[in-house]
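Number of protein chains: 2
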Amino acid sequence: MDDESEIRGLIEGWARAVHAGDLATVLDRHAADIVMFDVPPPQEGVRGIDAYRETWPPFFEWQRQGAVFDIESLDVTAGADVAFAHALLRCGTDAEFAQVPERRLRLTVGLRKDGDRWTVTHEHHSFALS
Amino acid sequence: MDDESEIRGLIEGWARAVHAGDLATVLDRHAADIVMFDVPPPQEGVRGIDAYRETWPPFFEWQRQGAVFDIESLDVTAGADVAFAHALLRCGTDAEFAQVPERRLRLTVGLRKDGDRWTVTHEHHSFALS
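Residue numbers (numbering that gives the first Met the number 0), protein chains in the order written: chain X, 0 to 129; chain P, 0 to 129.
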């Protein structure tokens, strides 16, 4: 499999795991030193895999209202040992989409190749401020 | 100069040009097909250099109130031909910092090497939602 396809599969699998509330798979390809800029604070980002892990249970709880978390578009730029990707996701409840149909989560992912394994070292999640 | 130093210089020069309102330098190292997830809408991102160019004059106008645009931290991951960086910036007016001292703009930049020239193909700008 080429690097672009592998990274695409990694991100698609991660998004399915987020939607399923499968924390082990959400964390599986993430580096110990990950830096995530999340939708809520902290302003300086979520730093390290322990802090990253802790962000997910409250998100899974929110998701149980019936929210979706679906990748709509995904663009991967893969080099030999560093890569990044940007994506748009439908992330919200029916009530939120009724109010703002065009609402999208914007996601950027940074990766490096550790040995023969692509690893996520950075994520940036945001909604546009309207 | 190694790739990491070159990319660091590129992003620092871009941020100085943003603060100076120097549009030509802001655009100089950006790809025709850039995709920017900006703080305001559109939700699907600003696509292409013409749309990217149009976002700056309103920002420069806002900045003339006396806002700062200063890189506080910058972390670069550079491969042979693809790179990404994440940064925190102090971006706001005195009044905004008086209200929320920890306010930071979160910035992620994606780059590829075109020939011997690093080029920005993606930017993601956001504030944490509080």
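Keep in mind that a hint or two might mislead.
Said to hold, decoys possible - Computed footprint of chain P on chain X, listed as stretches where at least three residues anywhere in the stretch have a Cβ under 8 Å from a Cβ of chain P:
| id | region |
| --- | --- |
| 1 | 8–20 |
| 2 | 31–44 |
| 3 | 62–69 |
| 4 | 83–91 |
| 5 | 116–128 |
As the list claims (entries may be wrong) - A short list of chain X residues far from chain P (calculated; beta carbon distances all over 10 Å):
| id | residue |
| --- | --- |
| 6 | MET0 |
| 7 | ASP1 |
| 8 | ASP27 |
| 9 | ILE48 |
| 10 | ASP49 |
| 11 | THR54 |
| 12 | PHE59 |
| 13 | ALA94 |
| 14 | ALA97 |
| 15 | GLN98 |
Everything labelled a hint here was simulated from the structure, so no lab data went into it.
Nothing here was measured: the structure is a model prediction, and the numbers come from that model.
Heads up, the beta-carbon is just placed ideally off N, CA and C, and yes, glycines get one too.
Each hint tested on the structure:
1. 8–20: violated (count 0)
2. 31–44: holds (count 10)
3. 62–69: As far as the region 62–69 of chain X goes, the hint is violated, because 0 residues have Cβ atoms under 8 Å from chain P.
4. 83–91: holds (count 3)
5. 116–128: holds (count 7)
6. MET0: holds (18 Å)
7. ASP1: It holds; ASP1/X is separated from chain P by about 14 Å at its closest Cβ, greater than 10 Å.
8. ASP27: holds (20 Å)
9. ILE48: Per Cβ check, ILE48/X is outside 10 Å of chain P; nearest 16 Å; holds.
10. ASP49: holds (19 Å)
11. THR54: holds (12 Å)
12. PHE59: holds (19 Å)
13. ALA94: holds (17 Å)
14. ALA97: Correct as stated: the minimum Cβ-Cβ distance to chain P is 15 Å, above 10 Å.
15. GLN98: Consistent with the label, GLN98/X stays out of reach of chain P, its closest Cβ about 13 Å off (over 10 Å).
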